[in-house]
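Q: Here is how the chains run, residue by residue.
2 protein chains.
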Amino acid sequence: MLPFSRFVLGHRSIPSLRHRRRQRRLLSISSSPNVPLSHPTYMIWASNTSLGKTLVSTGLASSFLLSRSSYAEHRKLLYLKPVQTGFPADSDSHFVFSRLCSLASLRSSGGPSLSFSASNSVIKSSLPAAIALSGRNSLPGERIPAFCDVSFREESKFLRTAGTCSAELVCETLYAWKEAVSPHLAAERENCAVPDSLLVEMLEKHLTASMEGVFQKESKQDFCIVETAGGVASPGPSGTLQCDLYRPFRLPGVLVGDGRLGGISGTISAYESLKLRGYDIVAVVFEDHGLVNEVPLLSYFRNRVPIFVLPSIPLDMSNDLVDWFNDSEAVFNSLREIMVSTFSERIQRLNDMPKKAGDILWWPFTQHKLVPEASITVIDSRCGENFAVYKDRKGGSITQQFDACASWWTQGPDAALQIELARELGYAAGRFGHVMFPENVYEPVLECAELLLEGVGKGWAARSYFSDNGSTAIEIALKMAFRKFCNENDVLPVRSNTVGRCFDLKVLALNGSYHGDTLGAMEAQAPSSYTAFIQQPWYSGRGFFLDPPTVSICNNMWIVSLPAGMHSGDLYNVVTTYSSRDEIFHKSRDKSDLAQAYLSYISEQLVSFSDKEPSVQIGALIVEPVIQGAGGMLLIDPLFQRVLVNECRGKKIPIIFDEVFTGFWRLGVETAAELLGCVPDIACFAKLMTGGVIPLAATLATEAVFDLFTGDSKLNALLHGHSYSAHAMGCTAATKAIKWFKDPKSNANILSEGGLLKELWDPELVARISSHHSVQRVVALGTVFVVELRAEGNNAGYASTYTRGLIMKLREDGVYMRPLGNVIYLMCTPLTLPSTCRGLLVKLLRRLQQFGEPSS
Amino acid sequence: MLPFSRFVLGHRSIPSLRHRRRQRRLLSISSSPNVPLSHPTYMIWASNTSLGKTLVSTGLASSFLLSRSSYAEHRKLLYLKPVQTGFPADSDSHFVFSRLCSLASLRSSGGPSLSFSASNSVIKSSLPAAIALSGRNSLPGERIPAFCDVSFREESKFLRTAGTCSAELVCETLYAWKEAVSPHLAAERENCAVPDSLLVEMLEKHLTASMEGVFQKESKQDFCIVETAGGVASPGPSGTLQCDLYRPFRLPGVLVGDGRLGGISGTISAYESLKLRGYDIVAVVFEDHGLVNEVPLLSYFRNRVPIFVLPSIPLDMSNDLVDWFNDSEAVFNSLREIMVSTFSERIQRLNDMPKKAGDILWWPFTQHKLVPEASITVIDSRCGENFAVYKDRKGGSITQQFDACASWWTQGPDAALQIELARELGYAAGRFGHVMFPENVYEPVLECAELLLEGVGKGWAARSYFSDNGSTAIEIALKMAFRKFCNENDVLPVRSNTVGRCFDLKVLALNGSYHGDTLGAMEAQAPSSYTAFIQQPWYSGRGFFLDPPTVSICNNMWIVSLPAGMHSGDLYNVVTTYSSRDEIFHKSRDKSDLAQAYLSYISEQLVSFSDKEPSVQIGALIVEPVIQGAGGMLLIDPLFQRVLVNECRGKKIPIIFDEVFTGFWRLGVETAAELLGCVPDIACFAKLMTGGVIPLAATLATEAVFDLFTGDSKLNALLHGHSYSAHAMGCTAATKAIKWFKDPKSNANILSEGGLLKELWDPELVARISSHHSVQRVVALGTVFVVELRAEGNNAGYASTYTRGLIMKLREDGVYMRPLGNVIYLMCTPLTLPSTCRGLLVKLLRRLQQFGEPSS
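Residue numbers (the numbering used here), protein chains in the order written: chain A, 24 to 879; chain B, 24 to 879.
Hints are computed from structural coordinates only; laboratory data are not their basis.
The list treats identical chains as one, so a pair stands whether inside a single copy or across any two.
Computed list of lysine-lysine pairs in DSS-like fashion (alpha-carbon distance at most 25 Å, straight line):
| no. | residue 1 | residue 2 |
| --- | --- | --- |
| 1 | K781 | K768 |
| 2 | K379 | K762 |
| 3 | K228 | K417 |
| 4 | K737 | K392 |
| 5 | K781 | K765 |
| 6 | K379 | K765 |
| 7 | K378 | K832 |
| 8 | K737 | K832 |
| 9 | K481 | K378 |
Okay, chain A solo, but in the shape it has when bound (with noise of 0.2 Å):
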């Protein structure tokens, strides 16, 4: 398109893609880290380059560690830089080590003795990073492109009498490269690059092993101090911007601002892009330059971020800024004060949580009297697929669980996905806010609509009705699929505005089917421990339900149970035992005896129903293809859903499918509606359409539905919504996420041909698990993953708290799982890498093998 290559660089640029697809890669598969949270740990940011980080760095260390005024008789601090170019010139911890240490001898001479000990070791380098260091032109039996292993390290320490003051520095640079541009760079051009994973794990392992010293005393008190390179924003060795890099951490922050001309916008915009990346910076800090930069930045700030300003560098740096230091202690104590309390704060909250939570929330669906303080999860956030969960053991500390709950079915954004939808949602709340729907329209609707016409409804719906959840879905649904029915079946003047109930309606349904908690999403469900009086005394169960055949693994055959009323005498010959997923989804299996048999069991029920209510219409048909979720994770036997659907077809029956589970790559297809054969007249979205973030639902319509709304009267046109219909939020994430997953270049997992999901559960764990004594029943698809553990009496059914134990144990391996009753599911989201997944169920096997051994 563009006629000259090296000054333009557009969208179709190879070097782009290729970058960008390495990236996503390395980050997503970055480890789950823990942090400590026995001290404080803060990462030291930057608005730009040469702002003064290690400046500040330093006074912070001198503030803790020298300070007459303060704290714990022994004190040690941790610095760690973990990306440094320009090395061995350029050294950021070297240059801590060594202005503490004269910091150190100043100081202690006037005061109480001191014990100081210090050291500034560096890790890892490239190998021209260690020639340089060495001295030499070319190290003995060097490697490219490896780190070298460089066993640099440099100590000062004096000591004092017993029971004196004891203060240590540990200085640690973990990787270092030799020129002096940014790491990605420095990494490309010295050919040694470091994985995000890796470079995650270091820092992890020095966060926590560094802390052990030579000091070790009760009344210890510890800080730690991670130095980032460059800006915020600027790219680590892999390219990763290490704002993105550092994310799993979630350590909190000091923002060095910048108190130029111009800095004002830096700091704010470096701020910002913190922000949305879930940091908290807990105090600004920067240079005077004599234009009184606090001044906008406290307005910008209303009060929440204090700011400080720093005495300006002088030029002339010749007495080691030994009078800067001591210009700027007070600054620096107040700073290390404002670090220390609002630690101090932070933990405290933590640690009330649980019972606050006890004390004044009530959730969905728990018996509060069954949830021990104890048990109570405190999540401190979430990076991708994982929860950072808060333990108070040991000190306290951030551990990571992988969320195998979808967070309830919902969740679909890892690391990445996450950040974007970030973006996308304040700029969206930027942009919109919130713009009401009825008679108008708005970018983000109108692409959302397109979107879900030319995906989940491609081929048969033509409008798109937007509420807030499955159950307002299901409702909407209803009232279509109704007014569909009394109009095909001239069974009442629709056009009319008659009062009243002039006949009964029912639903066809399943059994085991479950809609929503409205109650009109309730009406349509078979009654169950949801739909007792207790619960809802207005339930009456609007439907005939039927029995339907399940699917499952069992021993590593597919196994079709066939529901009680089947067991008539043509049943004689039926296969009912397959070998693989596609045969049980082949469409083949139409033409079989059991397709014959399922459309004799129906029509046979129908009968009986009309027999049993002969005043009583069925006005839809509702059904959760392939999968029902709440219901227990049944596989139904999909061709019998597909001959279901194709006998209330013909009986002028709407039929409505409910996807709000299914949809959106759930069951590792756009839609649930492809691995039936079939299409609805109606169908309900919700949970993942959003990416998992955010409310949302849409009910699809044919046009014929939408036609008999249509009229003269607005008392034909469908009264039915909610204030926040097609809210623009919810809309943008949705637009975001239903690209983002069907899209090759953004999802791995995508099989560029026919837009399936890779196989995400490995076939042989799977067949393992499903042939383990404790195992009733597994079921793999997609993106779930569900055991049946054989159970009996109580320990069967919704109310059971048999597998309660299992669930803690993977906890503790990091798997954040939640039972149905006896039935417990991994579910991830359709970016999850296979890798991921055959690790869950690595553990899950583990723990099912001494899962009713005695010493569990």
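Fit chain B to the given chain A structure using the hints.
A: The following block gives chain B in isolation, referenced to the frame of chain A:
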């Protein structure tokens, strides 16, 4: 607190407060500018100062005006510099002007003959700048601190023979200051501030007026560039950040990035600050510094935003950069192409949107057949209380309309809160995405629950149950109330797991009530158009419905209208006319004859219900306190509701307040219960709770209600929930909004005593409107102003289209309203200034005076 002042500025600093309040005021009164869309208009932003914005403007101007390849024969480019400091030494508009003149004379020498005309003007400046410009030591008649009208203008022209191409450049500096510092500092130091509203107005005027010019040709093509000062978040003259200051225009932009070391971070952060405010950036351009910054930027932008790299700018500027402009011509041509084509695509899309909306969307509560394409509103964005609406008349424009529907009763933010919410929502998405709620706790939900219980639930509520919208909150409230009723009245062994219906429960409610559109909520409301068989065949109306007395202003008097059922002899002496709203809400009415009459009426009605259906129990009272919203904006006599609540409490009937519409300052107090002076057992909140930007609902309950759901079995728990229950984003928005609304520091409408909102509706105008002959009644309370128009027959009621003409006229006046039948209303946010409300009433009154006249 802190022992030093200059170098440490913390959260208690006084200047910050003063500054912030000034800023907010300025921003919120900023006018609502119209933007012409007849030609591309772009904002030039930069991630820092001194990155070459003006070079980019010049290059674009050159490409647009002088390029041989392109476009119409007659071209005009307007370059606007709203804010210039360092003037007259620095003048970007002069730079563009003079450089274009040089380039034009050079380039026109060889090619086709070109008539070129250019001018540069400076409109206003500070006195010091004006003095410097004049070259004198002072100016005659100088005044401080007003702005000087600077009649500075320079021109250059070379015209050729007829039939040739013509190009016109108009450069304008709107405001100039002398000191070369940030505008807010220059304005302060030169004692010459310009309020945001004035600057916005001035810019709006010049965006349109300055496009009139010397060449008026058919084939004319226009282009406009607005160049900002400093970085994206650099303060403007008032201290408001420029990205906030210019937000009402929401012009698309080009971001001048940073090619230096550290520049990747600054560029990305600046982009994110713009995104967070809803801006669209069509390209990023920066100067090459040999660091290949485009590679990580391309990776970040994932092919969404094209990146352009300009050749290095020579240090030696002696030849006026002519060579550099020649070298970069191809880049600027491509950049210009992107800007022109993106503009065309935008206009195309805006023009297509109404038709597409009519084709694929399905609006709630809307008879599509009655919505002609021309009446569909295309909402391009919103800023605070205003919609930015696209009109395709006169070459296209964006005009502003005050959203007097408060986006269907939810809207809370002004422009300042909108960006705060955008930042908080981005943060919540970045930190939490979505995390499931049951048995978990995370900061946003805990803080939100704390705020609810100490705010709207103060004094009675102990637990907060979260769901997605008002309708679900009501369904939950009913389940809670019924459990309480059954328990307290010993009508059911509640702890048992009885399945099936034991007896009939109904609610007690008021005629005209509305509680939502899901079946359970519908059942609790009286029959209406919404509940007709063709709308919801399952509706049966499970309530006893009382006719309530209503209150309204007629001819400037507050009149109580009693229900027909009450008109018996003992009402002879009852007072039903009041001179003020305060009298209506005064507690002294409890001792009035009317209170006694209400009590008798209620008792009689209860007896008659019980006589009619003796087997039915009243399981709950449910009312919208004070105002029935969807029922027609009826003010129910608060005395009546108080008597009713007390009577039900005496009969052990649980009390539900539906505050979905009335809560959170809608009626001028945080909760309408305060106006009634009595508390419920259960109350529902939604809409304004999140500030009106994102769906979330809460059902608050007393501890006594909660206790009935605890026990040893899960089956006793409240088995109702939605996947997004208490979602982090909703709770985050709610915590921000709840605190913002009630704090006098952020909400200028809060009277610090008593936590009341100021009177927003001018009493004199209210009186005049209430006395107008076409007006039946008026209600003015809190943020709500209601007018019922006199109407008869088909003109009355929900389906009436009687007011359509009036509504359309008001939209032309910049007021977006929607009728409820023959009832129209103005609804603002809790932050809307009384002066704005006054303006709305003036417009309404003017149109009312025309309404019904022959001409209308």
